[in-house]
Amino acid sequence: MAEKTPVQLFHLEDKRKRYRRSDFYLRIGVLGLLFLIPFLFPSYKTVDLAMKIVIYAVLVASFDIMLGYTGILSFGHGMFFGIGAYSVAFLIGKYGDPSYFNLMLGMAIALLAAAALAVIISFLSLRVKAIFFAMITLAIAELAIVLATKLSGFTGGEDGISLSMPGIFAVSFSAGEFLGIEITGRVFTYYLILLSCLGLFIVMLRFTHSPLGRVLQAIRDNEQRAEALGYKTFIFQGISITFGCVMAALVGGLYAMWVGYVNPESCLGVFEIMLAVLLMCIIGGMGTLYGGIVGAAFYLITETFLPDLQHLARDFFPNALFLHNVLERWSLVLGVLFILIVIFFPKGVIGSVRDYLARGSR
Amino acid sequence: MSETVLKVEGVHTFIGQHHILQGISFEVGADAVTVLIGRNGAGKSTAIKTVMGLLPPSEGRILFRGKEIQRRKPYEIARMGIGFVPEDMGVFSGLTVEENMRVAMLIEDEATYQRLDRTLEMFADLRKFWKAKAGNLSGGQKQMLAIARAIVNDTSLLLIDEPSKGLAPIIVESLIEVINRIKDHSVVILVEQNFSMASSVGDNFYILDDGIVVHSGIMAELVHDEELKSNYLGISKVGG
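Protein chains in written order, with this note's numbering: chain P, 1 to 362; chain V, 1 to 240.
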């Protein structure tokens, strides 16, 4: 047998290591926990929190493709999330009956509308760089909110649109009990969205690990150098934006299915969505994809449970007035936690941990 | 001179308001390493950036194998077979050595993988740090990576901008060895201030001063021309 070349040896080593790495088992563990949540913690609040973490993790990952992998800051990402949510709400809420076909059609429309709009925005806006691009996308996102609010006959305005899921995903559906838990349409919807999000996340992982993903990272590091290596960077940036926006629209459709209601503030809001997504991305670590999971989990768990801390403080420390005052302003505590994370994990949690492990292995 | 690979004719280039290249002309043949030398600010780096399309010329013609390229974009020029190693090395710091090499491979075919294997045999450190982030490499290793990236494709002309800048003498020696090996496969244009390196690898030279070519010839003759070296390169013979 011929002697292996250096490149063949590297590939063999990669394959050997793939299933021996501890993070592989960590990923399996997190996935297993998410699959068991409806049975381990069946309360509405916990299942809702787990589902929102999954949805936001995928949304943050789609934003990370643009910001972390390509170096493009867009404030219009939330708008694409809203396009997906409204597409589904139009088809199974305002303009159609809840049916499987309409649900699929709503997702297909979300995909096509997001792709078309992202291509147009890329071609019109990518001529300008950095903060100017961010400002243009911010203006377009604000315009989308104004349109969704003012065109109330078409979009439901500020009142929004309520929607119901079809067949086995309807809230009223029940398939009996399993392990002492009633298997309702809500449980089926949970698994539908979990599997869909898993699929979207795997697609994004494949995308970032493909030759195309490597070129995007090269453009992020040094655009001029990437061009001098033979890449038409404008086209690659356009592909990255379009792909990220399509992913955001699809996850927006899934969000609408879960919450059963869309309105401009919750689905299009620049500050409500974009600020949270940006924070989650920075907390988790830009350019990691998995950072989206950590960032979304940290942000949503603290946002959900920090307000409860003031009740605990009143019960356990009834005379600690300063503590009560601080915990009443829980968003202040969230801000402090955010600052601490930025100080102690300058590359986000995943980025800093990876750096630490890389240093340890040298 | 053998077949002309690159011909630069009366090229003018501005950077902002500054008129850097003021009608520069030179030719590069197929079987030699050509060195552009001159003092700081003479326009050497601007000249090869202009050839690469990174700076648009306002006037003049640049012909690569007979085809005009002065209006082409850098990615088009790269795909025609011109490789570029910039002064700042331009490695992608956030990518590993492997990823840097694979980004540089415009086509992942058998021939490119053979070139990659050959390149890795030439640069042992790149094999050693294959999975390391390029941003963590030393200056010399980054320079090796930058050169390796440029030669992994079927490059017929390689532009190298001041490879010895900021490197230890021992690293410069190994660079000289590498460039001497590369010239068996590619035509090389080297921009260099380090005269010792320039004379070790160069066959022909062009001296630039204030954006024009003031002298050209065979490197072996320049090595002994103390007056020219003193006037344009600021090199004086010790004790002379």
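Calculated from the structure, these hints are not laboratory results. Where a beta carbon is used, it is the ideal one built from N, C-alpha and C, also for glycine. Any given hint might turn out to be false.
[Claimed, not checked] If you only want the chain V side, here are some residues facing chain P, beta carbon under 8 Å, derived:
1. L54
2. P56
3. G60
4. Y75
[To be verified] No farther apart than 25 Å at their CA atoms in a straight line, the calculated lysine to any residue pairs in the SDA-like style are these:
5. K183(V) to G94(V)
6. K128(V) to S352(P)
7. K183(V) to H19(V)
8. K15(P) to R115(V)
Report task. Please write out, lowest number first, the hints stated earlier that are contradicted by the structure. Result -> Per hint list: 2, 3, 5, 7 violated.
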